[in-house]
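Trainee: Residue numbers (the numbering used here), protein chains in the order written: chain X, 1 to 170; chain U, 1 to 210.
The hints are simulated quantities; they were obtained by calculation from the structure and are not laboratory data. Among the hints, a few may not be true.
The calculated lysine-lysine pairs, modelled on DSS-like cross-linking and capped at a C-alpha distance of 27 Å, are [claimed, not checked]: (1) U/Lys-166 / U/Lys-189; (2) X/Lys-8 / U/Lys-178; (3) X/Lys-8 / U/Lys-142; (4) U/Lys-178 / U/Lys-96; (5) U/Lys-189 / X/Lys-2.
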Amino acid sequence: MKCRQVRKAIDERLPDAADRDQRLAILAHCEVCAECRGVLEAAEITGRLIRARSLQEIEPSPFFRTRVLAAIRDRGAVAVRRQSERMWSSARAVVASMFVVVVVLLALNLFAPKPVQQIAGGEILRRDSVERIVMDERIVMDDNNTADESLTSGQVLDTVFAQGDSYGVD
Amino acid sequence: MGSKLAVEVEHASDIDLARQAGSGDELAFEEIVRRYGPRVFRIAGRFFRQRSAVEEISQEVFLRAYTQLGTYEGRGSFEGWISRIATNTCLNEIRKAKRHPEFYAADLTDDEENWLETRLAGSSLSDDYFERGIIAADLADKVLGSIAPEDRMILIMLDGEDLPVKDVCEMTGWSQSKVKIRAMRARRKVRKTVERMINSRRKPAKGQLR
Chain X
1 MKCRQVRKAI DERLPDAADR DQRLAILAHC EVCAECRGVL EAAEITGRLI RARSLQEIEP
61 SPFFRTRVLA AIRDRGAVAV RRQSERMWSS ARAVVASMFV VVVVLLALNL FAPKPVQQIA
121 GGEILRRDSV ERIVMDERIV MDDNNTADES LTSGQVLDTV FAQGDSYGVD
Chain U
1 MGSKLAVEVE HASDIDLARQ AGSGDELAFE EIVRRYGPRV FRIAGRFFRQ RSAVEEISQE
61 VFLRAYTQLG TYEGRGSFEG WISRIATNTC LNEIRKAKRH PEFYAADLTD DEENWLETRL
121 AGSSLSDDYF ERGIIAADLA DKVLGSIAPE DRMILIMLDG EDLPVKDVCE MTGWSQSKVK
181 IRAMRARRKV RKTVERMINS RRKPAKGQLR
């Protein structure tokens, strides 16, 4: 066996696990190779140390079960407290957002510009302008001395604007 | 009535205990702690040596197990399930500390030096004298402290407790080849540390200066 093979075998813990022939080959090599003998010696001491370490066992104390159960109860109480805190903080967030919505709605109601209305022909008129147009429609009818029901709003508007009035058209 | 309940709990299967404990039955969980306390302590003992540390981490393991009882479906053994929780809890705790101190031969105590000298001289003192004591275990901790906690656990399980590779795979969730390769590398690293330690003891005797 070559040194490389022997050291690989030692690190794979083969001297313990290998068959008799292989183990003898490793030992035979170590007899004549001082470096590999050193490696094997260090590996054996490492093995003894690890076994010594694993022999150190600690058993649970008689009070261990009580301690665990007390800790569970303790953490259970903490969990319930945290859950209620989370619930209240969520409720606070909901109330705050509702308040903001109400304030925004009030502000819109008080400060928003007056609503506009679109009529046929695509022109946008204020509500008071529309009311005046309806009155003017009657005027148009009176001035022309006709009661033509078939006049459309657009025709009425044309008539009114032809007279040179703006009537608040935007 | 109470004693009858206690007897029933004592004879209940793991899966039944897990279900009962999951629905808030303290007596059932107490039985789980009684059954698996030694197992969890043994796992924690692979990572920690101080009793207080082992107790604290074992308590944490059972608290985690209690909160995760709903995830145990009874497919694998309860022992395997709780062992994995214990291993992960210990590894996380060790990683938090982030300590992999390099080992120096000068760190040896007088007792540890004596242990090593005796070993090197091939003394016939019984293994019990040294190896059941804390000297070798202390020295082992120093030597193993220089490798990753996962590797330390693998070496203790394979080389210390002579457990099969399969058990380590179950505990870590790694493949057999990964466990074997990590074990070999860890062995080599620890072995080289021990070699340096031995050489540093021998140099003065041989009058070598390097």
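Trainee: Next step is simple, just say for each hint if it's right about the structure.
Mentor: Structure-based check of all given hints:
no.	hint	result
1	U/Lys-166 / U/Lys-189	23 Å, holds
2	X/Lys-8 / U/Lys-178	16 Å, holds
3	X/Lys-8 / U/Lys-142	24 Å, holds
4	U/Lys-178 / U/Lys-96	24 Å, holds
5	U/Lys-189 / X/Lys-2	21 Å, holds
The structure meets every hint from the earlier list without exception.
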